[in-house]
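S.K.: The residues making up each chain are set out below.
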Amino acid sequence: MRALDWAVVVAYLVYVIWDGIRMTKHSGNVEGYFLANRSLPWWAVGLSVMATQLSAITLVGTTGQAYSDGMRFIQFYYGLPLAMIILCITAVPFFYRANVYTAYEYLERRFDAKVRSLTSFFFLISRGLGVGVIIAAPSVILSIVLGWHEMTTIFVIGLSTTIYTMIGGVQAVTWTDVKQMFVIFFGLFVCMFVIISQFPAGVSFTDGLTLAGATGKLTTVSLSFDLKEKYTLWSGMIGGLFLFLSYFGCDQSQVQRFLTAKSVSEGRTSLLMSAFLKIPMQFMILLVGVLVFVFYQFTAPPMIFNQVEVGKVAQTAQYQTLKGEFDTAHHTREQAAEHFLKDRTDATKQEYLAADKAFNASRKNAVDYVKTATKNDSFNDVNYVFPTFVVQNMPMGVIGLIIAAIFAAAMSSISAELNALATATTIDFYRRHFKKDATDRQYVFFGRIATFVWGIFACIVATYATNIGSLIEVVNKFGSFFYGSLLGVFVLAFAVKRARPRGAFFGLLFGISSVWVASHFTDIEFLWFNVIGCIVTVISGYLISLTDRGGIDVVEV
Amino acid sequence: MKHTTKPEEPPVEKPDAWWYKVYFAVIVTLVVVIALLQTFTYYFSN
Numbered sequence: 001m002r003a004l005d006w007a008v009v010v011a012y013l014v015y016v017i018w019d020g021i022r023m024t025k026h027s028g029n030v031e032g033y034f035l036a037n038r039s040l041p042w043w044a045v046g047l048s049v050m051a052t053q054l055s056a057i058t059l060v061g062t063t064g065q066a067y068s069d070g071m072r073f074i075q076f077y078y079g080l081p082l083a084m085i086i087l088c089i090t091a092v093p094f095f096y097r098a099n100v101y102t103a104y105e106y107l108e109r110r111f112d113a114k115v116r117s118l119t120s121f122f123f124l125i126s127r128g129l130g131v132g133v134i135i136a137a138p139s140v141i142l143s144i145v146l147g148w149h150e151m152t153t154i155f156v157i158g159l160s161t162t163i164y165t166m167i168g169g170v171q172a173v174t175w176t177d178v179k180q181m182f183v184i185f186f187g188l189f190v191c192m193f194v195i196i197s198q199f200p201a202g203v204s205f206t207d208g209l210t211l212a213g214a215t216g217k218l219t220t221v222s223l224s225f226d227l228k229e230k231y232t233l234w235s236g237m238i239g240g241l242f243l244f245l246s247y248f249g250c251d252q253s254q255v256q257r258f259l260t261a262k263s264v265s266e267g268r269t270s271l272l273m274s275a276f277l278k279i280p281m282q283f284m285i286l287l288v289g290v291l292v293f294v295f296y297q298f299t300a301p302p303m304i305f306n307q308v309e310v311g312k313v314a315q316t317a318q319y320q321t322l323k324g325e326f327d328t329a330h331h332t333r334e335q336a337a338e339h340f341l342k343d344r345t346d347a348t349k350q351e352y353l354a355a356d357k358a359f360n361a362s363r364k365n366a367v368d369y370v371k372t373a374t375k376n377d378s379f380n381d382v383n384y385v386f387p388t389f390v391v392q393n394m395p396m397g398v399i400g401l402i403i404a405a406i407f408a409a410a411m412s413s414i415s416a417e418l419n420a421l422a423t424a425t426t427i428d429f430y431r432r433h434f435k436k437d438a439t440d441r442q443y444v445f446f447g448r449i450a451t452f453v454w455g456i457f458a459c460i461v462a463t464y465a466t467n468i469g470s471l472i473e474v475v476n477k478f479g480s481f482f483y484g485s486l487l488g489v490f491v492l493a494f495a496v497k498r499a500r501p502r503g504a505f506f507g508l509l510f511g512i513s514s515v516w517v518a519s520h521f522t523d524i525e526f527l528w529f530n531v532i533g534c535i536v537t538v539i540s541g542y543l544i545s546l547t548d549r550g551g552i553d554v555v556e557v
Numbered sequence: 001m002k003h004t005t006k007p008e009e010p011p012v013e014k015p016d017a018w019w020y021k022v023y024f025a026v027i028v029t030l031v032v033v034i035a036l037l038q039t040f041t042y043y044f045s046n
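Protein sequences, first through last, are from chains A and B. Okay, so the first sequence: first residue is 1 according to our numbering, each after it adds one. Okay, so the second sequence: first residue is 1 according to our numbering, each after it adds one.
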């Protein structure tokens, strides 16, 4: 990183904080602070919805995944457009017309305060920990790539986002999200063109895709029915559908986005914007990873991308031996790639595939050695591929732009999560259980304090998350326990007239328990947990409701 | 960039029939996009 790169990063950070803070004038009352007075246009809300979902780890991890595993991850998003249609028909008009601040507030009207508090509590716990991980993951990577201390990156990302979210409220979150999306897209486009321009003379963009296609890296549709296969058309269309229904329809960080829209129509349009743009956007991010793969066909890649782990073992004799084998494997593959592009026959293709296989085996040996030598079984350097590539190969100025884009992706997600956590804390607990008749000013003040406290909490979680690698897995699993089951409660609320408070309350607990059983005693992949949690919650909630003869009447909203 | 804070007029909601056409367009687009992606995969893999 040179002076120009640092200038770009600093300019981005200063601008985004200033831009967020200046929104404070629109945030004097409760509805202004938490819902922007329901005044935002659909395109701003739509970009905010997409920015919230696109975290830094999605940006960095997806490109790394495409580099190592190809584009099959795109199938994860095939259920998203269908989820958006269902939410446009159900959740958007239900929540909007109910005039609620949080999704869980609606559950009190439909069921009772216990169901509302339980669901909101699960949201606060899972999201509170989740934000810590959202801060930690890019912080670890950027600290290594930029040479900063982890605590520095955590607090630069966490505190700067907390400051503008706390002061500007949801207006700041949304309008900074819009600008951050432009930074991310601009950064990706520039990155893509620079990578292609750095291909050797005579190797075109389509030549690059031919190499990637030959190795299976361009697979975008798998029709396998294997439940143990992570990304297939079916896991995306069914498992992904349930996941996105629960994420966009039951998670306050997303529900709050479309509640800020001017009308039901604008809220629907904002969600449908994601339905149209999400798959092409993910395709573009994955394509960047594939282009990095092509670039490294003709330029020697690092054997291990995580330089901190390399530093621990680089001087050992075995590492040096593996490095020699790796360099030879790369050279052989480079020659085979050139042969294949020059003379596209089955023989040259097989030669290239054999060389690629040997190269992958060589890298796997190195990764296994690092795992053993550092006694770190969970070691995986996929997330380091893209940032390392950027810092080592991008020209001056572009490095700063891409690092700013990674910051933007992190901050756009964190700000929405902090804002949602503060909203649920203020509306579902403080206003509901402690102070029902406070003034607008008091609620906004409490909302700002809650944002600050959640921001500090997230930074503290992030400092632990960087040291305990498995915590990321724990939080992800905890999130998947919650999502499907929570969706089940909303299905009971929206679609099952006979559903009663006791059924919803215990249905949620049964749903979460069933996912715990599935995760501990089966090999089913996590996308299917959302299906299991939802179905168990709905069935058990319905059956319990049937036994509840003294339940309340259905409240029509 | 102008930031509005309060809608000046009550919003006009589009009728359900209009939305069902939009939902149909989304589904058709999804099918077309998946087909295009599959074609893209097939073209460069063979």
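Any given hint might turn out to be false.
[As the list claims (entries may be wrong)] Derived SDA-like pairs (lysine to any residue); straight-line CA-CA distance at most 20 angstroms: (1) A/K230 <-> B/Q38; (2) B/K21 <-> A/I86; (3) A/K349 <-> B/K14; (4) B/K14 <-> A/A98; (5) A/K357 <-> B/K21; (6) A/K349 <-> B/K21; (7) B/K21 <-> A/A98.
Quick caveat, the hints were computed from the structure, so don't treat them as lab data.
S.K.: Hints the structure violates: just list their numbers, smallest first.
M.R.: 3, 5, 6, 7
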